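Q: Listed below are the residues making up each chain.
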Amino acid sequence: MESSQPGNTTITGILDTRVSRLLAFGGILLIASGMLLGDIFAIFILHPNNARIGAAMYGAAMAIPAVDTDAIMAHFHAIGGFLENRGTKVDAHSHSVSLGYLAVLLAILQPYVALSNGTKLRLAWAYVLSAALLPFAIFAIHYVGLAYSPLDFIGWASIVADTVALIVAVTVSAQLLGLWRYWRQGQEAVAGPACLQSMTRSGRILLSGGSLLLLAGFIYGGAYAGYIEWLRSPSEVDILKGIITHAAQQQSVEADFAAYGAYQAAQGINVAAHAHVNSMGILLMLLALVQPFVFLSESWKKRWAVIMVVGSAVLPLSILLELRLGLIAGGMADIAGAAVICALVAMLFGLVRQTGATDSA
Amino acid sequence: MNRENRILILTGLAMIALTMFFGFWYAVFDEHQTLVGMTVAMMNGFLEAARGNLPEAYGAIDEYGRIAKEYRREVHFHGHWGFLGLILILYGLVAHTIHFGQRARVLLATCLAASAILFPFGVLLQIGPMDWLGKILAVLGSIGLVFGMLAFVTGILRRREVSG
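Protein sequence lines correspond, in order, to chains A and B. Taking our numbering, the leading residue of the first sequence gets 400, the next gets one more, and so forth. Taking our numbering, the leading residue of the second sequence gets 3, the next gets one more, and so forth.
Next comes chain A alone, as it looks inside the complex (with noise of 0.2 Å):
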């Protein structure tokens, strides 16, 4: 088993080349930075904004029975601002996530992209930085709107992000091409990263726990998948109508509105749960493989690795909790966040470090 105590540099690393040094660091800080979006957007939009939505569906409900279309029309443009500001928060922490897990695995397969040197440094340049304009152009959309726009429906931001995106997606396909390549010509294999043949005790840890957690959250959202499908469970067009028929009626809607409620948030703390687990188990997997290469002490990074594991079950865990404890569960959650951030931020100046030794050797 090789080690990455200090002072020793002999390991054959992910971060041995300029262009999978940009990809590993590209990538760690794609995934720090969306995580911490992620944490301020679920503390101090998410919530607001639910109720927001929320007080817009009520006010709507009750123009109904004083026949005032206006006012239902300016209910539902606000609810149109107030979904698109939570859509794109959400899409913006998510993108950072996944193109940070993607940059990661990128720079650990690079030994195996068989394009010249200068084409993959080329490559993961274009990468790197349309990675990281694209959840930045999804997180204005709300904010730039249609301001000095040449199109009738999508703004600057819009047109930003699909055109980063679109780079994001030939890059990935030049890797694939370079990958196909790799295999099909048969080339002499390479030693690729010490990663791949052997894994320290922290990395067991974190390697488990991540494939344990991908499974959890599999069956999981099978699970709730399944019981919205075939099961008795709540439907939001028959609560919607409830609403509609007796506003429409001049009756009471507090009754459809508690089910609208505990709908909308059943079905957000579902969903997010799900989502959070399976990317817990990603990064955790994915933590295990750059181990090797993250230069602290054994057993410091055998303590972070348990952080990383216990943060990371314990905040889908608090998610899902939310409906039953609330604002404890909230807290939890949030916590439970910003250690595995406290965790990932550590192995990142462990992975300065064995850089900076590898440079000086």
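Misleading hints may appear alongside valid ones.
Here are the simulated lysine-lysine pairs, DSBU-like style, with alpha carbons at most 30 Å apart [claimed, not checked]:
no.	chain 1	residue 1	chain 2	residue 2
1	B	K71	B	K137
2	A	K640	B	K137
3	A	K640	B	K71
Quick caveat, the hints were computed from the structure, so don't treat them as lab data. Here the structure is a predicted model, which means the values were calculated and not measured.
Go by the hints and put chain B onto chain A.
A: Coordinates of chain B only, in the frame set by chain A:
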């Protein structure tokens, strides 16, 4: 890298590339219209109810439900192909170290790759007239993924060290 590594890594990266192009197409040509359609359909339901036309109001809410279902299926397809692609690449990077023989590892990789393609594709098919086929593919893909992931986890927990 062995055959099982290649199957998983190439399938995973191909799925990611394809879902990125799908996401680009969807964002440019379909998403905005779908989201506006959802809001307008729900608003029409409220407006018709205010005018006392409850059958038309129910029709508009049903239309909202149809568009919302379509939207969820499309986003689900995009997201799940991307995420399952990442998982396949990760599995591909460690597939040669799991505690099974070479033939079993190739079989497991093939099962995981096929299921990862089929499951989100089945979800997307549920939008159109091939709804029934979509459901069958989604269920088959899910079963394949659960069994594949279970086998992979077992193999990882009993994993061996590989040299060279």
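Q: All hints are to be evaluated individually against the structure, with a verdict given for each.
A: Hint check results:
1. B/K71 with B/K137: Within the cut-off at roughly 14 Å; holds.
2. A/K640 with B/K137: Within the cut-off at roughly 27 Å; holds.
3. A/K640 with B/K71: holds (16 Å)
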